[in-house]
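Same order as they appear, the protein sequences are chains A and B. In terms of numbering that gives the first Met the number 0, the first sequence has 194 at position 195, counting the first letter as 1, and numbering is strictly consecutive. In terms of numbering that gives the first Met the number 0, the second sequence has 136 at position 137, counting the first letter as 1, and numbering is strictly consecutive.
No lab work stands behind these hints: they were computed from the structure. Note that the Cβ used here is the ideal one computed from N, Cα and C, for glycine as well. There could be a bad hint or two in this list.
[To be verified] Okay, the calculated bits of chain B under chain A, using three or more residues with CB under 8 Å as the criterion:
(1) 52–64
(2) 101–111
(3) 116–129
(4) 149–158
(5) 211–217
(6) 222–232
(7) 240–251
[What the hints assert, rightly or not] Here are some chain A residues the structure puts well away from chain B; computed CB gaps all over 12 Å:
(8) R5
(9) Q24
(10) L34
(11) A80
(12) Q112
(13) A116
(14) W119
(15) I124
(16) L127
(17) F142
(18) E200
(19) G201
(20) L214
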Amino acid sequence: MRGSVRDLLPIFLVIGFFQLVVLRQPVPDLGSLLLGMLLVVVGLALFVRGLELGLFPIGESMAYAFARKGSLTWLLLFAFALGFGASAAEPALIAVADKAADAAVDGALIAEQGRRAYAWGLRLIICLAVGIALVVGVLRIIFAWPMHLLISAAYGVVVLLSPFTPHEIMAIAYDSGPVSNSVITVPLVAALGVGLAASIEGRNPLVDGFGLVALSTVMPMIFVMAFGILS
Amino acid sequence: MDFLISGIDVLTSAVLAILPIIAVVLFFQFVAIRRPLPNTRRAVLGLVYITVGLVILLEGLELSLFPLGSMMADQLTDPAFVAPGAAEPLDIDWHNYYWVYLFAATLGFAASIAEPAVIAVAAKVRDVSGDTISQWGLRLAVAFGVALGLLLGTLKLVLGVPLHHFLMPVYLLLIVQTWFAPRSIIPVAYDSGGVTTSIITVPLVTALGLGLAGALPGRSALFDGFGLVAFACLFPIMSVMGYAQLSVWFAGRAKRRAEAGGD
């Protein structure tokens with residue numbers, strides 16, 4: 000609990016400083032604010048403890064089990080399902096897809112009646128992108144593909160596609176990558192990568208184990224840009 | 000009563016976010032791996048902590064930081080606050096928005112210090128690297144990156160530079176930096192961008208972007224309000240690689256000094 004007070008102190012100070020010193024406004028509804036702050040402190044402490052107790056060991060033990068089993072197919076299916084399922088449930092992503100459809104209608108990119116289909120299409124594309132990103136990332140760990148080549152190439156594609164992406168969904172394409180990483184999948188995926196790298200002979204957990212989140216951040220940008228160009 | 004209703008909403012969204020992941024994990028555990036989870040009791044306890052913690056955290060954020068943060072974003076970008084003397088919003092210069100830039104940078108820094116995924120992943124990186132990358136070193140490097148990113152992102156919004164004109168050169172710079180960075184830091188650096196744009200940062204940054212785009216003359220919240228999250232994701236990658244490059248440089252200099260002193 001003490002750790003979580005320390006972690007939250009900066010954000011409370013920033014909000015307090017701007018509210019009281021810069022804007023010189025009283026705090027509206029002090030009671031619910033204080034209750035909210037207390038809940039944030041308790042919730043953060045529980046959540047971080049739960050990640051260490053639950054998700055990290057689960058991710059690592061599954062990585063060891065898959066490595067011992069030696070079935071690449073199951074491992075890749077798991078990686079894909081994890082990426083796809085987590086993005087499908089990410090609330091921030093649902094909001095972004097709806098906004099993107101609004102922007103596309105406003106920009107006369109699509110007709111009004113296509114709005115729902117567009118939002119659904121976009122969500123599906125992003126889920127596919129994250130699923131494929133984790134498959135590529137797992138393959139990278141197994142075959143020790145160099146990260147700097149893979150990630151430079153991926154961002155190179157982002158740069159190449161940018162000039163051709165419709166203006167209306169450009170910002171959403173750039174945002175879709177970071178937004179699709181949920182607070183629950185990130186620790187699970189990190190543990191999976193580290194566990195895999197630790198259980199494969201000759202792999203270094205630091206150099207080979209990380210990088211899954213990086214790929215699932217850049218892949219949706221590429222897929223959404225391609226979706227915008229093609230649709 | 001409102002408190003209870005929003006509590007139920009928060010509960011539903013938290014459970015919806017966790018359920019598919021647990022379902023995927025259990026399906027593969029029992030169908031593919033075909034053995035029970037090791038330390039089942041610990042794992043179940045952890046999942047309970049995560050679910051309960053997430054619900055409490057989200058409810059607390061909805062009561063405190065989120066409404067206050069988006070209200071402040073609106074007030075700080077209000078023309079009446081930015082330049083009280085200006086007759087028209089168009090008369091306001093880019094430098095009048097200094098409080099907005101400072102708010103964006105400090106909020107970004109503070110939000111990524113509080114981000115649970117960053118805390119957890121930085122602890123993992125510390126353990127895996129055998130303490131060569133300290134938890135606080137990484138967290139501070141990420142937080143500085145987010146601060147810089149949001150500073151530049153809000154500046155870009157005020158100046159009205161098209162997003163890809165700004166981001167394309169920075170992505171190219173990122174690729175160049177990657178070639179010169181120590182190889183072992185690259186995966187962690189690129190991960191940290193995605194890790195920090197999460198449960199606390201994304202809603203606050205989105206509110207800031209929409210508030211600023213709505214207040215600026217000639218911008219639409221829909222077209223210009225997005226894109227800030229990409230800044231908050233991109234610059235930590237550069238700052239973490241930069242942190243590693245500086246560490247290597249300082250270590251090299253100390254070594255050269257020691258050798259020179261030994262002669």
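Hint-by-hint comparison with the structure:
1. 52–64: holds (count 13)
2. 101–111: Result for this restraint: holds, n = 6.
3. 116–129: Coverage by chain A holds for the segment 116–129 of chain B (9 residues, Cβ < 8 Å).
4. 149–158: violated (count 0)
5. 211–217: n = 0 at 8 Å, threshold three: violated.
6. 222–232: The restraint on the segment 222–232 of chain B holds, since 10 of its residues have a Cβ under 8 Å from chain A and three suffice.
7. 240–251: Violated - the segment 240–251 of chain B has 0 residues with a Cβ nearer than 8 Å to chain A, which falls short of three.
8. R5: Violated: least Cβ distance 9 Å, not greater than 12 Å.
9. Q24: At about 7 Å from chain B, Q24(A) fails to clear the 12 Å cut-off, so the statement is violated.
10. L34: Label violated. Min Cβ-Cβ 6 Å, cutoff 12 Å.
11. A80: violated (5 Å)
12. Q112: The claim stands: Q112(A) keeps its Cβ more than 12 Å from every Cβ of chain B (closest is about 19 Å).
13. A116: holds (19 Å)
14. W119: The claim stands: W119(A) keeps its Cβ more than 12 Å from every Cβ of chain B (closest is about 17 Å).
15. I124: Answer for I124(A): holds, closest chain B Cβ roughly 17 Å.
16. L127: holds (15 Å)
17. F142: holds (15 Å)
18. E200: holds (17 Å)
19. G201: It holds; G201(A) is separated from chain B by about 15 Å at its closest Cβ, greater than 12 Å.
20. L214: violated (8 Å)
Of the hints listed earlier, those the structure fails to meet are numbers 4, 5, 7, 8, 9, 10, 11 and 20, in rising order.
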